[in-house]
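2 protein chains.
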Amino acid sequence: MDTTNVVLHTVHQAAEAVAHTAEGSGQGITHMMMLLIIQLAIIIIVAKVGGYLSQRFLKMPSVLGELASGMLIGPYALGSKIVLPDFGPVFTEHAGFAASAELYGIATLASIILLFLAGLETDIAAFLRYSVVGSVVGLGGLLTAFVIGDLTAVLWPGNGIHNFMDPAALFLGVISVATSVGITARILAEKRKMASPEGVTILAGAVFDDVFGIVALAIVMGMAKVSMSGGSVNWGEIGIIAAKAIGFFVLVTALGLAFARKITAAIKQFKSKEIMVAICFGLAMLLAGLAEMAGLAMIIGAYIMGLALSRTDLAHEIEEHLEGVNNILVPIFFCVMGMMVDFAAMKPVLLFGAVYSLLAVVSKVAGCGLPAWAMRFNMRGALRIGLGMLPRGEVALIVAGIGLAAGIIDQGTFGVAIMMTVVTTMLAPPLLVKSFNGESGLRKEMAGSSEDVDSIDLEFPTHDITEFLLGRFVRALRNEEFYVNRLHTEQLTYQVRKDDIMFVMIEDGNKLHINAAEEHQTLVRLMLTEELLSLSDLLDATQKMEDLQTMGSGLLANMFC
Amino acid sequence: MDTTNVVLHTVHQAAEAVAHTAEGSGQGITHMMMLLIIQLAIIIIVAKVGGYLSQRFLKMPSVLGELASGMLIGPYALGSKIVLPDFGPVFTEHAGFAASAELYGIATLASIILLFLAGLETDIAAFLRYSVVGSVVGLGGLLTAFVIGDLTAVLWPGNGIHNFMDPAALFLGVISVATSVGITARILAEKRKMASPEGVTILAGAVFDDVFGIVALAIVMGMAKVSMSGGSVNWGEIGIIAAKAIGFFVLVTALGLAFARKITAAIKQFKSKEIMVAICFGLAMLLAGLAEMAGLAMIIGAYIMGLALSRTDLAHEIEEHLEGVNNILVPIFFCVMGMMVDFAAMKPVLLFGAVYSLLAVVSKVAGCGLPAWAMRFNMRGALRIGLGMLPRGEVALIVAGIGLAAGIIDQGTFGVAIMMTVVTTMLAPPLLVKSFNGESGLRKEMAGSSEDVDSIDLEFPTHDITEFLLGRFVRALRNEEFYVNRLHTEQLTYQVRKDDIMFVMIEDGNKLHINAAEEHQTLVRLMLTEELLSLSDLLDATQKMEDLQTMGSGLLANMFC
Chain A
1 MDTTNVVLHT VHQAAEAVAH TAEGSGQGIT HMMMLLIIQL AIIIIVAKVG
51 GYLSQRFLKM PSVLGELASG MLIGPYALGS KIVLPDFGPV FTEHAGFAAS
101 AELYGIATLA SIILLFLAGL ETDIAAFLRY SVVGSVVGLG GLLTAFVIGD
151 LTAVLWPGNG IHNFMDPAAL FLGVISVATS VGITARILAE KRKMASPEGV
201 TILAGAVFDD VFGIVALAIV MGMAKVSMSG GSVNWGEIGI IAAKAIGFFV
251 LVTALGLAFA RKITAAIKQF KSKEIMVAIC FGLAMLLAGL AEMAGLAMII
301 GAYIMGLALS RTDLAHEIEE HLEGVNNILV PIFFCVMGMM VDFAAMKPVL
351 LFGAVYSLLA VVSKVAGCGL PAWAMRFNMR GALRIGLGML PRGEVALIVA
401 GIGLAAGIID QGTFGVAIMM TVVTTMLAPP LLVKSFNGES GLRKEMAGSS
451 EDVDSIDLEF PTHDITEFLL GRFVRALRNE EFYVNRLHTE QLTYQVRKDD
501 IMFVMIEDGN KLHINAAEEH QTLVRLMLTE ELLSLSDLLD ATQKMEDLQT
551 MGSGLLANMF C
Chain B
1 MDTTNVVLHT VHQAAEAVAH TAEGSGQGIT HMMMLLIIQL AIIIIVAKVG
51 GYLSQRFLKM PSVLGELASG MLIGPYALGS KIVLPDFGPV FTEHAGFAAS
101 AELYGIATLA SIILLFLAGL ETDIAAFLRY SVVGSVVGLG GLLTAFVIGD
151 LTAVLWPGNG IHNFMDPAAL FLGVISVATS VGITARILAE KRKMASPEGV
201 TILAGAVFDD VFGIVALAIV MGMAKVSMSG GSVNWGEIGI IAAKAIGFFV
251 LVTALGLAFA RKITAAIKQF KSKEIMVAIC FGLAMLLAGL AEMAGLAMII
301 GAYIMGLALS RTDLAHEIEE HLEGVNNILV PIFFCVMGMM VDFAAMKPVL
351 LFGAVYSLLA VVSKVAGCGL PAWAMRFNMR GALRIGLGML PRGEVALIVA
401 GIGLAAGIID QGTFGVAIMM TVVTTMLAPP LLVKSFNGES GLRKEMAGSS
451 EDVDSIDLEF PTHDITEFLL GRFVRALRNE EFYVNRLHTE QLTYQVRKDD
501 IMFVMIEDGN KLHINAAEEH QTLVRLMLTE ELLSLSDLLD ATQKMEDLQT
551 MGSGLLANMF C
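Line by line, the protein sequences give chains A and B. Each residue of the first sequence is one higher than the last, beginning at 1 in full-length UniProt numbering. Each residue of the second sequence is one higher than the last, beginning at 1 in full-length UniProt numbering.
Keep in mind that the hints were calculated from the coordinates and are not lab data. Treat the hints with care, as some may be off.
Part of the chain B face toward chain A, derived, beta carbon under 8 Å [stated by the list, open to error]:
| hint | residue |
| --- | --- |
| 1 | Ile106 |
| 2 | Glu274 |
| 3 | Met285 |
| 4 | Leu286 |
| 5 | Leu538 |
Calculated lysine to aspartate or glutamate pairs in the DMTMM-like style (CA-CA distance at most 25 Å, straight line) [to be verified]:
| hint | chain 1 | residue 1 | chain 2 | residue 2 |
| --- | --- | --- | --- | --- |
| 6 | A | Lys271 | B | Glu467 |
| 7 | B | Lys511 | A | Asp464 |
| 8 | A | Lys271 | B | Asp508 |
| 9 | A | Lys273 | B | Glu323 |
| 10 | A | Lys511 | B | Glu531 |
| 11 | B | Lys273 | A | Glu467 |
| 12 | B | Lys268 | A | Glu320 |
| 13 | B | Lys273 | B | Glu121 |
| 14 | A | Lys268 | B | Glu320 |
| 15 | A | Lys273 | B | Asp464 |
| 16 | B | Lys273 | A | Glu320 |
| 17 | A | Lys268 | A | Glu323 |
| 18 | B | Lys271 | A | Glu319 |
| 19 | B | Lys511 | A | Asp537 |
| 20 | B | Lys244 | A | Asp86 |
| 21 | B | Lys271 | A | Asp464 |
| 22 | A | Lys271 | B | Glu190 |
| 23 | B | Lys268 | A | Glu507 |
| 24 | B | Lys273 | B | Glu320 |
| 25 | B | Lys511 | A | Glu531 |
| 26 | B | Lys271 | A | Glu459 |
| 27 | A | Lys271 | B | Glu320 |
| 28 | A | Lys511 | B | Glu467 |
| 29 | B | Lys271 | A | Glu507 |
Ideal placement from N, C-alpha and C gives every residue a C-beta, glycine not left out.
With the hints as extra help, turn the sequences into a complete structure.
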């Protein structure tokens, strides 16, 4: 044991010597890299286990567990106590910031990926199709949440914020804006309510919420940056900033959509899908950088590039290829956000955080629910829709992180934002599940339209045949310009949409369930029949082609000649 | 236009203001992150295009194009001329280093992934099976390359290296050690020579080369670190260091292999494959950090963790899930390595570089060829084997990067290492292809054993049926404990091995080619027949199960009731 210590000490001296030859900040790059890799190792293991626990035992989205594990191992909690012999604590503050630049860089990369994928998954057709109901529900929730979030900061006594235009107030407004509909979609899929009127309205509203949320962020970033630079923000100037932000968004998105097919046609020259995907992702990062340079935020550029590519046939290739990156890097992002929660700084603002979180619940339920109620839903339906739009997620966290990094909000306010995200995400699932018990959510006079969701169930001999058919069916649907979106649920689930047709396909072992509203059953059955017939033809051809058994005997016969 | 400038200027001022509030190194974290994302965007696009060009038009591995694009955009070339308005050049030196810590961190992460995957793909069964021929060829090339590489540095006049134990000399030795067999495997697969005696010998030699190369690196890192810390390295001490390095490697690998099944059984409790893969990768990073702390290099730990997991059934899950990460991050690594080449620093060492590269060719051809010749090959066969072992790749680059970051080698020597990698990788393909023209490579007296490689060709009605069968066949082979390794070639190619059976499966549109030596044809045909019969049964069952067409009419019938 003694020699080990001696050697460790020698190694340490060697490392020190090496460190000093590098002309870095006193710590050699080799040492920095070792620390980074050990940090990443701990982060990924703890975050994945935390995510699993919250999914499995709390029936909550994994993001909560990832955040919580970050809080646990952050420099303000256990992190400072994880000490490497001779190297000191693994997680420490770096110039008042909970992560080193190299660790924060990986988290930032993950946030770009997150928003690029969010853009890619946006269903622009639904945006146009459901423009009335979607925009009313989405915009209602957005405006209410923004105003209430901002006003809470202004009216709360003793925090030094007295102005609606104060950058910190603007940030507290915009942080509470973006709904994260993933957990809602999962619950709707599990309860087979995705094709219900409430389900369709929530999903349409979420598309608007996404798009308008990004625009709102663009405006606020512009205002905050001017405010921060000491300029006084008057209404005329706000008009200009808003016009610029909206202009940037609309112009770049329109250009992107207009040239998406040309761009992808050029990218397809590379033949290899790996190269195409990597270049599209490179373009997303490039636009992210441009957006930041234009005074907006990087995630806005990443989202726009995703949006522009969402209608091309590369969209699902990109999604599939980025799945692995998503799986490794995104938990790192959430965990790092958790690490930044400084419990000491939060103590004085706990009450404010509780009120802010509560109002964030109220603002979405009222802001989305009331417009829905005004349209064609009864109170039950309106509540369902409001609760469905309740959870906040990755965008709230990213925006809070941007604010913290830029010094616009302080550690305490950052903690409040995390608290609000956690509260809304935790409250939504149980309330949503409960709200869906009982009668129709449509008003009596509106209830004429069919609301029954029927399930078509097919069973195949083995799981791989089911998978094979489902794969062929998904491809056939995409060829017919259906929007087919894979949900991140435990079972392989696809949401399919085109015009006002909408259904959900769930693979369940060797079974395949297709849930569709009664009015679309005919169409779904027809398409499925067509696919089954073509599969049957294919199997026939394979059987007969040379007869598989003959092929087998042929193979064997050759053995003896 | 004028207002744009004014606004850009205002934004810049705002950014400055923001930057100054962060207590960083004077540049705010927000600005650093923007720069990082723009750097990554440029790197990934340029690297992917470069890789494509080198593959498509030069018929060279993409790594060459990725390296070259890095040289092009590095701070010592065009990089300093890519200037952002108001933000300065995108690529600059950071304290004498061509990459910022946050960019280098991502490259380091990529190098960990590369070596983790290399470990995962190691065929330990082949290691034991071919221990004689493999160890003789692998070890012969390794020792020759190391000694010649080190001596070249010592004997070259005027570089200040006079001692075989000089850390720089040791690094020049170990950099030239590791063969990168990827390009060779591709050529063997294309020329259908993978199952030939030369092919089998090269692939067996490469396994040994990998494992012993990592051990050699461990020893050299230990020696270099002691040397760097001012300690004089005497032979007794070397013995201790070598024993420690080998001890670490053998002990950790043995523990890993012994507990791999227990570890994976524990990890499998998480059910979700995404979580399992992420945790395995986290463990690889953890072991990487431990290896560095123990005075070795991080990639050694990553490789060992891969090796330990290579025999578990998680191995190919991990490979598949990490493909996307590989596709995005690994080109960044190669490009960053290229960026570090300082042309000015290389000028004085160009001649040395040429000689070093040439000797790196000679050392592998002789070091691997001669033992092969002594065993059962004629000169032709020996040359083929030597040329197959010639290319150096990712490990050489990673080791050179470690040496540069630690200050053990200087910019010029780093450039020499890159030059050697490029030269050996470029020379191998044409020479190898040429060498395989002509007669058998076995000596006359040995030529009794069959050497003919036959192709079994099957054709199916559609591409997806071929893929379906191939997928089932691969799974069946893995269940029977065959080692099935997917090669990174343009066509989907699998190398299959168990005991001394070895064959290659190539998917080619709706055709499937299986190349096997004549002596294994019988077995392959039997297994394939079995699989075809079980497929035929499955198709029968699917056809009959309710008859797909009936299922179709059933679906339609339901429409009217």
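Hints and how they fare:
| no. | hint | result |
| --- | --- | --- |
| 1 | Ile106 | holds (7 Å) |
| 2 | Glu274 | holds (5 Å) |
| 3 | Met285 | holds (4 Å) |
| 4 | Leu286 | holds (4 Å) |
| 5 | Leu538 | holds (6 Å) |
| 6 | Lys271/A <-> Glu467/B | holds (19 Å) |
| 7 | Lys511/B <-> Asp464/A | holds (21 Å) |
| 8 | Lys271/A <-> Asp508/B | holds (16 Å) |
| 9 | Lys273/A <-> Glu323/B | holds (12 Å) |
| 10 | Lys511/A <-> Glu531/B | holds (23 Å) |
| 11 | Lys273/B <-> Glu467/A | holds (17 Å) |
| 12 | Lys268/B <-> Glu320/A | holds (23 Å) |
| 13 | Lys273/B <-> Glu121/B | holds (19 Å) |
| 14 | Lys268/A <-> Glu320/B | holds (23 Å) |
| 15 | Lys273/A <-> Asp464/B | holds (17 Å) |
| 16 | Lys273/B <-> Glu320/A | holds (15 Å) |
| 17 | Lys268/A <-> Glu323/A | holds (21 Å) |
| 18 | Lys271/B <-> Glu319/A | holds (23 Å) |
| 19 | Lys511/B <-> Asp537/A | holds (19 Å) |
| 20 | Lys244/B <-> Asp86/A | holds (19 Å) |
| 21 | Lys271/B <-> Asp464/A | holds (19 Å) |
| 22 | Lys271/A <-> Glu190/B | holds (19 Å) |
| 23 | Lys268/B <-> Glu507/A | holds (22 Å) |
| 24 | Lys273/B <-> Glu320/B | holds (11 Å) |
| 25 | Lys511/B <-> Glu531/A | holds (23 Å) |
| 26 | Lys271/B <-> Glu459/A | holds (24 Å) |
| 27 | Lys271/A <-> Glu320/B | holds (21 Å) |
| 28 | Lys511/A <-> Glu467/B | holds (22 Å) |
| 29 | Lys271/B <-> Glu507/A | holds (17 Å) |
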